[in-house]
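Asker: What follows is each chain in one-letter form.
There are 2 protein chains.
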Amino acid sequence: MNLKKQQAIGIFDSGIGGLTVAKAVAEALPNEDIIYFGDTARVPYGGKSKETVSEYALEITGFLLEKGVKMILVACNTVSAYAKDRIIEKAGTLPVLDVISAGTQAVLDHPKHKNVGVIGTLATVNSEAYVRSIQQEDPGISVTQKACPLLVPLAEEGWIDNDIAKQALSVYLKHFADKEIDSLVLGCTHYPLFKQVIPSILNREETYIIDSADSIAQMAKEKLEKLDLLNSEGGEFQCFVSDRPQRFHELAQRFLGKPLKQAEIIHL
Amino acid sequence: MNLKKQQAIGIFDSGIGGLTVAKAVAEALPNEDIIYFGDTARVPYGGKSKETVSEYALEITGFLLEKGVKMILVACNTVSAYAKDRIIEKAGTLPVLDVISAGTQAVLDHPKHKNVGVIGTLATVNSEAYVRSIQQEDPGISVTQKACPLLVPLAEEGWIDNDIAKQALSVYLKHFADKEIDSLVLGCTHYPLFKQVIPSILNREETYIIDSADSIAQMAKEKLEKLDLLNSEGGEFQCFVSDRPQRFHELAQRFLGKPLKQAEIIHL
Numbered sequence: 000m001n002l003k004k005q006q007a008i009g010i011f012d013s014g015i016g017g018l019t020v021a022k023a024v025a026e027a028l029p030n031e032d033i034i035y036f037g038d039t040a041r042v043p044y045g046g047k048s049k050e051t052v053s054e055y056a057l058e059i060t061g062f063l064l065e066k067g068v069k070m071i072l073v074a075c076n077t078v079s080a081y082a083k084d085r086i087i088e089k090a091g092t093l094p095v096l097d098v099i100s101a102g103t104q105a106v107l108d109h110p111k112h113k114n115v116g117v118i119g120t121l122a123t124v125n126s127e128a129y130v131r132s133i134q135q136e137d138p139g140i141s142v143t144q145k146a147c148p149l150l151v152p153l154a155e156e157g158w159i160d161n162d163i164a165k166q167a168l169s170v171y172l173k174h175f176a177d178k179e180i181d182s183l184v185l186g187c188t189h190y191p192l193f194k195q196v197i198p199s200i201l202n203r204e205e206t207y208i209i210d211s212a213d214s215i216a217q218m219a220k221e222k223l224e225k226l227d228l229l230n231s232e233g234g235e236f237q238c239f240v241s242d243r244p245q246r247f248h249e250l251a252q253r254f255l256g257k258p259l260k261q262a263e264i265i266h267l
Numbered sequence: 000m001n002l003k004k005q006q007a008i009g010i011f012d013s014g015i016g017g018l019t020v021a022k023a024v025a026e027a028l029p030n031e032d033i034i035y036f037g038d039t040a041r042v043p044y045g046g047k048s049k050e051t052v053s054e055y056a057l058e059i060t061g062f063l064l065e066k067g068v069k070m071i072l073v074a075c076n077t078v079s080a081y082a083k084d085r086i087i088e089k090a091g092t093l094p095v096l097d098v099i100s101a102g103t104q105a106v107l108d109h110p111k112h113k114n115v116g117v118i119g120t121l122a123t124v125n126s127e128a129y130v131r132s133i134q135q136e137d138p139g140i141s142v143t144q145k146a147c148p149l150l151v152p153l154a155e156e157g158w159i160d161n162d163i164a165k166q167a168l169s170v171y172l173k174h175f176a177d178k179e180i181d182s183l184v185l186g187c188t189h190y191p192l193f194k195q196v197i198p199s200i201l202n203r204e205e206t207y208i209i210d211s212a213d214s215i216a217q218m219a220k221e222k223l224e225k226l227d228l229l230n231s232e233g234g235e236f237q238c239f240v241s242d243r244p245q246r247f248h249e250l251a252q253r254f255l256g257k258p259l260k261q262a263e264i265i266h267l
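Just so you know, the protein sequences line up as chains A and B, in that order.
Using numbering that gives the first Met the number 0, read the first sequence as starting at 0 and increasing by one per residue.
Using numbering that gives the first Met the number 0, read the second sequence as starting at 0 and increasing by one per residue.
Take the hints with a grain of salt, since some may be wrong.
Given that identical chains are not distinguished, each listed pair holds provided it fits within a single copy or across any two copies.
What the hints assert, rightly or not - Straight-line Cα separation of at most 27 Å, BS3-like style, residue types lysine-lysine; simulated pairs:
id	residue 1	residue 2
1	LYS260	LYS49
2	LYS194	LYS165
3	LYS165	LYS145
4	LYS257	LYS111
5	LYS111	LYS222
6	LYS260	LYS3
7	LYS89	LYS113
8	LYS257	LYS225
9	LYS260	LYS225
10	LYS173	LYS257
Keep in mind that the hints were calculated from the coordinates and are not lab data.
As the structure is a prediction and not an experimental result, all values here were calculated from the model.
Kindly produce the complete structure, drawing on both the sequences and the hints.
Answerer: Here you go:
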């Protein structure tokens, strides 16, 4: 495949959560065109089976390939956990990066990473993808996981720092009370919204909070530099969704803090 | 269409919530065969558009018609709000009942129903389907609604009477504090799980709680009697889902409190 600098970066997620990744990428690479796909008709993926999630992920990969992207960023932890290999296979020589690999790299890059905590959706935690991904690089790292199913709906309700959010976080993070974790991976793209309150609830100042959106943006930049595919003339951000483009558009503008082109609806 | 007593009753929902309806129907009509479809691959419907929900609902209706049911019960409030008329059209002369019509009937049947409260998902509340349905029968009834997006995930987490659930309910039900409601409709099939704690949080002993599962089961019984279609030889309960049959099966058995045949997976 003969890739060109002017081609866009493709980013996808089950819904709006992946906009945290899109935002980090737009900040790290302001002159790249970005095509974002949010599967708002079928969100959330967190409770669905591996087969179903893989099927959806391959449909979206096909869509991004048709759009002529030069790189695919998998911004959904559930997809990264279940379907990464099949996406890479389908994408051929096109580079594919995913949030779990990026989160793993951030763990390894941090000097303190002997006891790592991971929070995510039920699907991400049950898949044990972070455990495998981290221990493959360093089997000496201890990884403790906790599924936090209520955090996505809390984030979407806008309850990110009220008593209810804090109590839910207390219940979930109690799991790490006697684990002395030195890093905590936010294994779901919605969770950065709780980044301000998590440290006080963890009650361990020294715990380093890992947000894989920043990490995947950095990896994308390095990869494009290495392949000599950095664009200097782009900067457009275009969104496609499978349902409710207007609602997505409003959320996306608020999320990215700037006016955007209308999101287009696509039936896969 | 020439319907026969031996044919099953078809019930469907976006996921597992509609099992509250299936349970009420099995109790009211123990000698009927029931075919239940839960769209576990595409759950939840609450945040999806009218077009998408209608498309899914018509696919499921087609599946139940192929299965040869004698009646369809729409156990999903979002589908009832968005797609009832199109399901009736597709079902032809086959009787179709839905939870919103059933909830409305329960409101009208109760002696105190001048000030009615309705809680539901965002989609159900935004559709104003309960308001229209109730005021069409009696324009003098005042209807106040409140969307409670966190209650479904709380119910699925099993947090139905802890501090977090009570605080979330307090925030939502505060909406009715100065409304002096005499009935409260649980406009989502998950909400009956909170039936025990709602009265103390509402702090109005005289408020009557309306659970439309009981109401639709009663309506189904009367309709079948009227059409001379009551079965006296059935009692089988068969489930079909669009994803994760094993997980559904476990939940369904716990839910209905008896052993069931394996749920079968169907790709629509």
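Asker: Hints first: check each against the structure and report whether it holds.
Answerer: To see whether the hints hold, each was checked on the structure:
1. LYS260 / LYS49: between (33 Å within a copy, 24 Å between copies)
2. LYS194 / LYS165: both (12 Å within a copy, 25 Å between copies)
3. LYS165 / LYS145: Answer is both: 16 Å inside a copy and 23 Å across each meet the 27 Å cutoff.
4. LYS257 / LYS111: neither (36 Å within a copy, 51 Å between copies)
5. LYS111 / LYS222: The answer is within: 25 Å in one copy meets 27 Å, while 68 Å across copies does not.
6. LYS260 / LYS3: within (24 Å within a copy, 56 Å between copies)
7. LYS89 / LYS113: Neither. Shortest intra-copy (35 Å) and inter-copy (60 Å) distances fail the 27 Å Cα cut-off.
8. LYS257 / LYS225: Intra 30 Å, inter 61 Å, cutoff 27 Å: neither.
9. LYS260 / LYS225: Classified as neither: same-chain Cα gap 31 Å, cross-chain 56 Å, threshold 27 Å.
10. LYS173 / LYS257: This pair counts as neither: shortest intra-copy Cα distance 38 Å, inter-copy 35 Å.
Checked against the numbered hints above, the structure breaks hints 4, 7, 8, 9 and 10 and satisfies the rest.
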